[in-house]
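Novice: What follows is the residue order along each chain.
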Amino acid sequence: MIARILFLTALVAIGYLGFVRRNRLPVNIMLLFVVLGLAAVAVIFPEEMDPIAQYMGVTAGVDMIVYLVQVGLLFLSLHFYTKFVDHQRQIAVLVREMAILKAELDQSRRGTTSSPPVARDRVEDKVPAAL
Amino acid sequence: MDHRQITWVVIAAYNEAAMIGHVVSSVLVDGWKVAVVDDGSPDDTAANAAAAGAVVLRHVVNLGQGAALQTGIEFALGRGAERIVTFDADGQHRVEDLPAMVAALDDADVALGSRHLGGTEGAGSGRRLFLRAATAVSNKMSGVRLTDAHCGFRAFRATIAPMLRMRQERMAHASELLGLIGKSGARVVEVPVTIRYTDYSKRKGQSPLQAIRIMFDHAFRR
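Protein sequence lines, in the order shown, are assigned to chains D and G.
Each residue of the first sequence is one higher than the one before, counting from 10 in our numbering.
Each residue of the second sequence is one higher than the one before, counting from 88 in our numbering.
Keep in mind that the hints were calculated from the coordinates and are not lab data.
Wrong hints could be hidden among the right ones.
To be verified - DMTMM-like, lysine to aspartate or glutamate: derived pairs with alpha carbons at most 25 angstroms apart:
{"id": "1", "chain 1": "D", "residue 1": "Lys111", "chain 2": "G", "residue 2": "Asp130"}
{"id": "2", "chain 1": "D", "residue 1": "Lys92", "chain 2": "D", "residue 2": "Glu106"}
{"id": "3", "chain 1": "G", "residue 1": "Lys227", "chain 2": "G", "residue 2": "Glu277"}
{"id": "4", "chain 1": "G", "residue 1": "Lys270", "chain 2": "G", "residue 2": "Asp196"}
{"id": "5", "chain 1": "D", "residue 1": "Lys111", "chain 2": "G", "residue 2": "Glu169"}
{"id": "6", "chain 1": "G", "residue 1": "Lys227", "chain 2": "G", "residue 2": "Asp196"}
{"id": "7", "chain 1": "D", "residue 1": "Lys111", "chain 2": "G", "residue 2": "Asp131"}
{"id": "8", "chain 1": "G", "residue 1": "Lys270", "chain 2": "G", "residue 2": "Asp194"}
{"id": "9", "chain 1": "G", "residue 1": "Lys270", "chain 2": "G", "residue 2": "Glu169"}
{"id": "10", "chain 1": "G", "residue 1": "Lys270", "chain 2": "G", "residue 2": "Asp193"}
{"id": "11", "chain 1": "G", "residue 1": "Lys270", "chain 2": "D", "residue 2": "Asp95"}
Claimed, not checked - Negatives, chain G to chain D, calculated, CB over 12 angstroms:
{"id": "12", "residue": "Ala139"}
{"id": "13", "residue": "Ser212"}
{"id": "14", "residue": "Val275"}
We treat Cβ as the ideally placed atom computed from N, Cα and C, and that holds for glycine.
Given the sequences, and given the hints that come with them, work out the whole structure.
Specialist: As structure tokens, this is what we get:
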């Protein structure tokens, strides 16, 4: 009973931190609510998980939940790795843009510009997405 | 025709305080425009490059050679460059090879230096074997047939630069660039160059073990 209370408290806390405290709601909020709801059902009625698990070819409901958690964690790892790479690229764009602007500024201040800077479209804007 | 007025030489540098001044001076003396991208070096790379007379662009954090070159290329394009050359900061490349590299663009969009058509000074047999193996793998992956796939001495026309925008920030950019060249349909020519390996440049260079990381980046972090 204590374990159930702890699990349910954890689910409520995740829901609160994930949705109420966020500045904006995630796109897949409904999916996350469904997952949280199913997890709550699994905690409250663990014996009801057994038939579902057996139907899916898993011996016990607890095993099925462990497998689902493993898949979920792998998915989360991939999700955050993708986010991490995206953020790295965004930082790179910012750092490179800063370097160019600073160099242009330094050149202007020194008056050593041999030719004025031409209008500079961001190169990435011209590149097809496939590249 | 003298191409010096329409060409920018882009040098990406990280912790090259010891050599960058000499490299910049040798290129400037020959009349070329030089942009050095200091990739967040904690040493005096930026100050020494500026003292030698280069235009210096400074990354506030280290991003890797690919990103540094891309920054220099965009700066050069903004300055109206018609031809852009990438040149190593560790003294491996010879200024004497610059005119041939740039002139090769009269009949091509991209000129790639080849130490196998030219020569090497101070390279061990192990390094040469590794480079040939890397070239064979790269030719398979990029679809561009070259004798030397990983020479950092490159020249290209400004018109082709937007097609060659590298997304790989670190060393995998070299393989990525060849793939982009292959896709772009650019006219490619190899130019014989001589690469000088010194104790300094060998210390700064890539170890064969890093090739594994480069291949991972190239394969999975597109």
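Novice: None of the hints should be skipped; say for each whether it holds.
Specialist: Verification of the hints:
At roughly 19 angstroms between alpha-carbon atoms, D/Lys111 and G/Asp130 fall within 25 angstroms of each other, so this suggested pair holds. Under the criterion of a C-alpha separation no larger than 25 angstroms, the hint pairing D/Lys92 with D/Glu106 is consistent with the structure, at around 21 angstroms. A distance of roughly 17 angstroms separates the Cα atoms of G/Lys227 and G/Glu277; the hinted pair therefore holds under the 25 angstroms criterion. For the suggested pair G/Lys270 and G/Asp196, the alpha carbons sit about 13 angstroms apart, so the restraint of at most 25 angstroms is met.
Taking the CA atoms of D/Lys111 and G/Glu169, the gap is near 22 angstroms; set against the 25 angstroms cutoff, the hint holds. With a C-alpha separation of about 22 angstroms, the suggested pair G/Lys227 and G/Asp196 falls inside the 25 angstroms cut-off, and the hint holds. Among the hinted pairs, D/Lys111 with G/Asp131 is consistent with the structure: their alpha-carbon atoms are about 18 angstroms apart, no more than 25 angstroms. Simply put, G/Lys270 and G/Asp194 have alpha-carbon atoms about 19 angstroms apart, close enough for the 25 angstroms limit, and the pair holds.
With a CA separation close to 21 angstroms, the supplied pair G/Lys270 and G/Glu169 stays within the 25 angstroms bound. Note on G/Lys270 and G/Asp193: the hinted pairing holds, with a Cα-Cα distance of about 21 angstroms set against a maximum of 25 angstroms. With a C-alpha separation of about 24 angstroms, the suggested pairing of G/Lys270 with D/Asp95 holds against the 25 angstroms cut-off. With a minimum CB-CB distance of about 14 angstroms to chain D, G/Ala139 clears the 12 angstroms threshold, and the non-interface call stands.
At roughly 37 angstroms, the least C-beta separation between G/Ser212 and chain D is larger than 12 angstroms, which holds for a residue marked as non-interface. Interface exclusion of G/Val275 from chain D stands, the closest Cβ pair being 17 angstroms apart, more than 12 angstroms.
Violated hints are absent here; each numbered hint is respected by the structure.
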